[in-house]
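Please construct the entire structure, taking both the sequences and the accompanying hints into account.
Residue numbers (numbering that gives the first Met the number 0), protein chains in the order written: chain R, 0 to 269; chain L, 0 to 168.
Quick caveat, the hints were computed from the structure, so don't treat them as lab data.
Note that beta-carbon positions come from the ideal geometry of N, C-alpha and C, so glycine has one too.
Mixed in with the good hints there might be a few duds.
As the list claims (entries may be wrong) - Quick look at which bits of chain L chain R covers, simulated, 3 or more residues with Cβ under 8 angstroms:
(1) 4-10
(2) 38-44
(3) 50-60
(4) 138-152
Stated by the list, open to error - Using 27 angstroms as the maximum straight-line C-alpha spacing, the simulated DSS-like pairs for lysine-lysine come out as follows:
(5) L:LYS109 <-> R:LYS265
(6) R:LYS267 <-> R:LYS146
(7) R:LYS46 <-> L:LYS39
(8) L:LYS50 <-> R:LYS223
To be verified - A few chain L residues that don't get close to chain R, going by computed Cβ distances all over 12 angstroms:
(9) GLU26
(10) LYS109
(11) PRO111
(12) GLU112
(13) GLU133
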Amino acid sequence: MNCDEAQELITALVDRELRGPERSSLEVHLAECARCRLAREEEQALKQAIQRAGQSILAPDGLRDRILSNPNIFPEKRRSARSWRDYVWPTTPMLRPALAIVLLLVLALPTFYLFKQTGEPIAFAALHTYDLFLRGELPVHRVENPKEIEAQLTSAVGGRFHPMGYDLTAMNLQPVAGLVREIQGRKILVAIYQGQGGSLFCYTFLGSEKDIPPNAARFFDAEKKMNFYAFSRGTVNAVFHREGEVICILVSAMPMGELLALAEAKAKPS
Amino acid sequence: MLHLDHLYRVAFHLAKDQNEAQDLVQETFARALAAYDQFKLGTNMKAWLTKILHNFFLDRFHTSKRWISVDDSTNQESDQWGRLAAENPGPESHVLFRELNSQITDALRKIPEEFRTSIVLVDMADFSYEEAAEILACPIGTIRSRLSRGRRLLHKHLKDYIGVKKDRD
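Here's what the structure looks like:
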C-alpha cells in the first residue's frame with residue numbers, strides 16, 4: 000500500500016468505518032509510515048473541530064414557535080377550519096347574522112356551564128404537574144421497587160385500573176416514584192421515570208375522547224389503528240392515547256418525535 | 000422539538016443562509032407530517048427527516064437555479080456567530096473556539112456541495128456512512144471518497160487554524 004492508497008482508508012479509520020482486511024493493511028502501513036500517521040492525526044483533529052463547530056450552531060429563537068404556529072404544518076387543522084366555512088357558514092351573507100344568533104342561543108349557556116364544570120383539561124394539568132416536578136415544587140415519595148409503585152397506585156383507585164407501566168430501560172429511564180392526583184374529581188395515576196435519559200411522566204386515568212386537549216395534532220398509526228395526539232407547552236411535550244376507557248399521557252422534555260415514537264411503540268390496541 | 004437544532008444545522012450548511020435554512024426546516028416538518036404514515040416505527044427518524052430536508056433542498060435550490068457560487072462569501076455567517084457569542088458569553092477560550100468555528104463555516108462554504116454535504120452529515124450530524132449514503136442516495140464508497148477529498152480541501156483552508164504538527168518526515 001502506498002500513501003495515496005492509504006488516504007481514503009485513513010478517512011474511514013478516523014470515522015471508525017474501517018474493518019477487515021482494509022483495516023489490517025492500513026495498520027501495517029501506518030506502523031511503517033510517519034507521514035500517514037501524521038495525516039491521521041491531522042484528520043482526527045479536523046474532524047473534532049468540525050464536530051465542535053457543528054454543535055455550536057443552534058436553531059434561532061422563535062423558529063420552534065413559527066413551526067408550531069405554521070398552518071401548513073398542520074393540514075388537518077386547516078382542513079377542519081375550511082370545512083366549517085364551506086359546509087356550515089351560509090354562503091348568503093344576509094343569513095349569517097341569523098345563524099350567529101341561533102348558534103349563540105344553542106351553544107352559549109351549555110358551553111358556559113361546561114367550562115365552569117371542567118376548567119382546565121386534564122391533559123394541560125399534566126403538563127403543569129411535570130413542570131412543577133422539574134422545578135422541585137412537587138413532593139413525591141420515591142421507592143426502590145417499581146412493583147411497589149404499581150401496587151400503591153393501583154390500590155389508590157381501588158383496583159379499577161392500573162397505571163400504564165413501561166419498560167424504558169433501553170432509554171436509560173427507570174421508574175422512581177408514583178403519585179396520585181385528583182383533578183376535577185377524577186383520580187390520575189402518575190408514574191415518574193428518571194435516569195440519564197432525562198425524566199418522563201406517564202399519566203393514567205379513566206376517560207374518553209373528550210379528554211383530548213384542544214389543538215392537539217393527531218397522528219394515526221395505521222398498523223395499530225390507533226390515534227395519538229401530540230401537544231406541548233414551552234419545552235414540555237406530551238402524547239395522548241386511549242386504550243379502551245383508559246387514557247395514557249406521556250409527558251417529557253424529550254423531542255416530540257421520539258416521544259410520539261415511544262407512545263406508538265408501547266401502546267396496545269384496545 | 001424533533002431534532003430541530005440538528006435539522007437547522009444541516010440546513011444552514013446546505014443553504015448557506017439563515018433565512019433559507021429556516022424555510023428549509025419549516026418545510027421539512029410540513030412534509031414530514033404530511034408523509035408521517037410512510038415513516039416506519041423503529042427506524043431512524045433523524046435520518047428520515049434529514050433525507051426529506053435534503054430532497055427539498057435539491058428541489059428548491061437546484062431546480063430554481065438559486066444556488067450561489069461555491070466561492071461566494073457573504074457576511075451572513077458572521078451574524079450567526081455574533082448571535083451565539085451574545086447568547087453564550089464565556090472565557091477567552093470560547094472566543095478562540097468561536098474564531099475557529101467561524102473559519103470552519105467559512106471553509107465549508109468554499110468547498111463543492113457534494114463534499115460539504117457528506118462532511119456535514121457524517122461529522123456534524125454524526126451519521127454513519129450507511130445512513131449518509133441512504134440520505135444522499137449514493138453508494139457508501141462515494142461517501143468515503145467525498146469525505147476524504149472534502150476534508151483534504153478543508154484542511155488546505157484551515158491549516159493555519161487547526162493545531163497540527165509541522166515535523167513531517
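Evaluated hints:
Evaluation of the coverage hint for the segment 4-10 of chain L: fulfilled, as 4 residues show C-beta separations to chain R shorter than 8 angstroms, against a requirement of three. Given as covered by chain R, the segment 38-44 of chain L passes the check, having 3 residues with a CB less than 8 angstroms from a CB of that chain where 3 are the minimum. Check on the segment 50-60 of chain L: 0 of its residues sit with their Cβ under 8 angstroms from a Cβ of chain R, so the three-residue criterion for coverage is violated. With a cut-off of 8 angstroms between beta carbons, the segment 138-152 of chain L has 6 residues touching chain R; three or more are needed, and the interface restraint holds.
Distance restraint check for LYS109 (chain L) and LYS265 (chain R): the Cα-Cα separation of roughly 46 angstroms exceeds the 27 angstroms cut-off, and the hinted pair is therefore not satisfied. Distance check on the hinted pair: LYS267 (chain R) and LYS146 (chain R) sit about 20 angstroms apart at the alpha-carbon level, within 27 angstroms; holds. Pair hint LYS46 (chain R) plus LYS39 (chain L) does not hold up; C-alpha atoms about 32 angstroms apart against a cutoff of 27 angstroms. Of the pairs offered as hints, the one joining LYS50 (chain L) and LYS223 (chain R) holds, with about 26 angstroms between alpha carbons and a cut-off of 27 angstroms not exceeded.
Separation of GLU26 (chain L) from chain R is inadequate, the least Cβ-Cβ distance of about 8 angstroms not exceeding the 12 angstroms criterion. For LYS109 (chain L), the shortest C-beta to C-beta distance to chain R comes to about 14 angstroms, beyond the 12 angstroms cut-off, and the non-interface label holds. Distance check on PRO111 (chain L): its Cβ is at least 16 angstroms (rounded) from any Cβ of chain R, clearing the 12 angstroms threshold; non-interface status holds. Distance check for GLU112 (chain L) against chain R: the nearest CB is about 16 angstroms away, which clears 12 angstroms, and the non-interface claim stands.
For GLU133 (chain L), the shortest C-beta to C-beta distance to chain R comes to about 14 angstroms, beyond the 12 angstroms cut-off, and the non-interface label holds.
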